[in-house]
Structures are given as structure tokens and as C-alpha cells.
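A.B. asks: Protein chains in written order, with my numbering: chain D, 1 to 113; chain W, 1 to 117.
There's no promise every hint is true.
One-sided and incomplete, this derived list gives chain W residues near chain D with beta-carbon spacing under 10 Å [to be verified]: (1) Y35; (2) G42; (3) E44; (4) Y48; (5) G59; (6) V89; (7) F91; (8) A93; (9) G97; (10) V102; (11) Y107; (12) F108; (13) G111; (14) R113.
Pairs of lysine-lysine, DSBU-like flavour, derived with a Cα cap of 30 Å [to be verified]: (15) D/K3 / W/K68; (16) D/K105 / W/K68; (17) D/K105 / D/K73.
Far from chain D by the CB rule (all over 12 Å, computed), these chain W residues [as the list claims (entries may be wrong)]: (18) S7; (19) P8; (20) E11; (21) G28; (22) N52; (23) D63; (24) R64; (25) K68; (26) T76; (27) P81; (28) S87.
No wet-lab data here; the hints were simulated from the structure.
Quick caveat, the model's predicted, so the values are computed rather than measured.
Built from N, CA and C at the ideal position, the CB exists for glycine as well.
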Amino acid sequence: AQKITQTQPGMFVQEKEAVTLDCTYDTSDPSYGLFWYKQPSSGEMIFLIYQGSYDQQNATEGRYSLNFQKARKSANLVISASQLGDSAMYFCAMMEGADGLTFGKGTHLIIQP
Amino acid sequence: DAGVIQSPRHEVTEMGQEVTLRCKPISGHNSLFWYRQTMMRGLELLIYFNNNVPIDDSGMPEDRFSAKMPNASFSTLKIQPSEPRDSAVYFCASSLGTSGRVQETQYFGPGTRLLVL
Numbered sequence: 001a002q003k004i005t006q007t008q009p010g011m012f013v014q015e016k017e018a019v020t021l022d023c024t025y026d027t028s029d030p031s032y033g034l035f036w037y038k039q040p041s042s043g044e045m046i047f048l049i050y051q052g053s054y055d056q057q058n059a060t061e062g063r064y065s066l067n068f069q070k071a072r073k074s075a076n077l078v079i080s081a082s083q084l085g086d087s088a089m090y091f092c093a094m095m096e097g098a099d100g101l102t103f104g105k106g107t108h109l110i111i112q113p
Numbered sequence: 001d002a003g004v005i006q007s008p009r010h011e012v013t014e015m016g017q018e019v020t021l022r023c024k025p026i027s028g029h030n031s032l033f034w035y036r037q038t039m040m041r042g043l044e045l046l047i048y049f050n051n052n053v054p055i056d057d058s059g060m061p062e063d064r065f066s067a068k069m070p071n072a073s074f075s076t077l078k079i080q081p082s083e084p085r086d087s088a089v090y091f092c093a094s095s096l097g098t099s100g101r102v103q104e105t106q107y108f109g110p111g112t113r114l115l116v117l
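Pulled out of the complex, with its shape left as it was, chain D reads as follows (with noise of 0.2 Å):
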């Protein structure tokens, strides 16, 4: 079974507008992270936003925010007033205890003018 499901392989959002993009998760472990991060077409590995499993309120960090919601295991970013620059792959991620990232498919989001 898949440990981090994105159900959106793209996306085209009107630019000004929020996004939301999905991340549902599968574990055992009472202690995980969970993790966005950007991969715009140059290529690398951008940290957005984190959310720890015994955080008791929504991450936020600039225009992004994770809608963690525990008892569905999902974990959607938002991203409101999208910008142009916003356009790249989206990666969901998961740590479990002090391990490894193990990472979803990811979204390529697409903002149009």
C-alpha cells in the first residue's frame, strides 16, 4: 500500500486564486512529520511547510498552509493567491519517527494568467 497518495497528477488554477492540493497518508506510527515541498523546473528541492503529528493547530508559513486534518490522515497544502511563480511539481512527504522522507507522485501545478 501506497504510504503517500496525491490524487492529483496536474492541475490549471487561474492565477490570484487558491489552490489546494490533496495528500491523504498511511502509517502506524504515533510520531511522523509531514512535508510539502516545490520542485520547479530548474530542477531543485524546495522546503515549503511541515506539520508534526502532534501539532495541535495548522501549519502556516507565508501563502502556504496545510490543512492537517489527523482522524482522515490528510495533509492538503494550500496556497492562497496563487502567483505565476507558483507553476512546478508539488511533493508530499512523510517522516516516520527519525527516518527517511518517503514522498508521493507529487501535482505539477500550472497557474494561467
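Let chain D serve as the given structure and place chain W on it in line with the hints.
C.D. replies: Same frame as chain D, now just chain W:
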């Protein structure tokens, strides 16, 4: 501050040749990770080190792959002999690595694009 440094950025080699990828983690980071990204398999963890000690190498695909971390500021990933199916982007990442049960953000290097002909 310098981020994670990887070299070379691009490598083209012929099947059967030895390939060595290099990584310098962020200064002060105690954990180092090697990942591989391909279209077919996505991003996969190959191996990770904590305080220069390999902790989990279960992701290393075959004996042709080996990784070392001789000191806190340098790691290598070696493929010998290389095969066309090893063509991928290889990322190195590092994190603080201060606690065994706390998730810490991993910061990625720019990657090495490897093409094996």
C-alpha cells in the same frame, strides 16, 4: 549560509564505468540522506547517515551501489559498474539530526543528473 553542495551537477558516462557522486551537507547538520528521482519510481530514499554512521541502507538497489561518509562534511555515493537503468537525478539532503524521534526538515542539494549510456 551555503546550502547542501553536490558535485558534479551533470555526469554522462558509459555503461560499466564507475561513477562517484559527492555531497557536502550544511555545516552543523548531523544527518545526511541520499535520494534518487526517476520518472518511473519517483523520489526514493537510498541511504541515510546520522553522525557519519549509516543508519538505513535498505533503499540501496544493488551491491553496485555503495555510500560512505568519512567525516561530518563529506559523503560519496558510488556506482560500480554503472548501468543505463541507473540514469536518474541523485539528491543529497541534510538535517540537524539532533534527536532520534523528532522529525526535522531536510534541505536538499541541487542534485546530480546522471546519464549512463
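A.B. asks: Now, for every hint given, state plainly whether the structure supports it.
C.D. replies: Hints versus structure:
1. Because the smallest distance between the Cβ of W/Y35 and any Cβ of chain D comes to about 8 Å, under 10 Å, the interface hint for this residue holds.
2. Interface restraint check: W/G42 against chain D, minimum CB-CB distance 5 Å, threshold 10 Å, status holds.
3. Interface restraint check for W/E44: the shortest CB-CB distance to chain D comes to about 8 Å, inside 10 Å, so the restraint holds.
4. Nearest Cβ of chain D to the Cβ of W/Y48: about 5 Å, under the 10 Å cut. The hint holds.
5. Here the hint on W/G59 is kept, as its CB sits about 8 Å from the closest CB of chain D, short of 10 Å.
6. The beta carbon of W/V89 comes within 7 Å of a beta carbon in chain D, closer than 10 Å, and the hint placing it at the interface holds.
7. At about 6 Å, the closest approach between the beta carbon of W/F91 and any beta carbon in chain D falls short of 10 Å, and the interface hint on this residue holds.
8. Interface hint status for W/A93: upheld, as the beta-carbon distance to the closest one in chain D is roughly 8 Å, under 10 Å.
9. With 10 Å as the threshold, the beta carbon of W/G97 comes within range of chain D, its nearest partner Cβ sitting at about 8 Å, so the hint holds.
10. For W/V102, the interface hint holds, the least distance from its beta-carbon to any beta-carbon of chain D being 6 Å, beneath 10 Å.
11. Taken as an interface hint, W/Y107 checks out: its beta carbon lies about 6 Å from the nearest beta carbon of chain D, inside 10 Å.
12. With a cut of 10 Å, the hint placing W/F108 at the interface with chain D holds, because the nearest CB-to-CB distance is about 4 Å.
13. Satisfaction of the interface hint for W/G111 is found here, the shortest Cβ-Cβ separation to chain D being roughly 6 Å, below the 10 Å cut-off.
14. Checking W/R113 against chain D by beta carbon gives a least distance of about 8 Å; that is within 10 Å, so the hint holds.
15. Restraint check: the Cα-Cα separation between D/K3 and W/K68 comes to about 28 Å, which is no more than 30 Å; the hinted pair holds.
16. Restraint check for D/K105 and W/K68: the C-alpha separation of about 28 Å stays at or below 30 Å, so the hint holds.
17. The suggested pairing of D/K105 with D/K73 holds, with an alpha-carbon distance near 17 Å, which does not exceed 30 Å.
18. Distance check for W/S7 against chain D: the nearest CB is about 15 Å away, which clears 12 Å, and the non-interface claim stands.
19. Non-interface call for W/P8 relative to chain D: holds, since the shortest CB-CB distance, roughly 14 Å, exceeds 12 Å.
20. Chain D leaves W/E11 outside its interface by the beta-carbon criterion, the shortest separation being 14 Å against a cut-off of 12 Å.
21. Chain D leaves W/G28 outside its interface by the beta-carbon criterion, the shortest separation being 17 Å against a cut-off of 12 Å.
22. For W/N52, the non-interface assignment is confirmed: its Cβ lies about 16 Å from the closest Cβ of chain D, beyond the 12 Å cut-off.
23. W/D63, annotated as away from the interface, keeps every beta carbon of chain D farther than 12 Å; the closest lies near 20 Å.
24. Against chain D, the non-interface label of W/R64 holds: every CB pair exceeds 12 Å, the least being about 20 Å.
25. Every Cβ of chain D is farther than 12 Å from the Cβ of W/K68; the closest lies at roughly 17 Å, confirming the non-interface assignment.
26. Annotated as non-interface, W/T76 keeps its C-beta farther than 12 Å from every C-beta of chain D; the closest such distance is 18 Å.
27. In this structure W/P81 is separated from chain D by more than 12 Å, as the shortest Cβ-Cβ distance comes to about 26 Å.
28. The beta carbon of W/S87 sits about 15 Å from the closest Cβ of chain D, which is more than 12 Å, so the claim that it is off the interface holds.
In this structure, none of the earlier numbered hints is contradicted; all agree with it.
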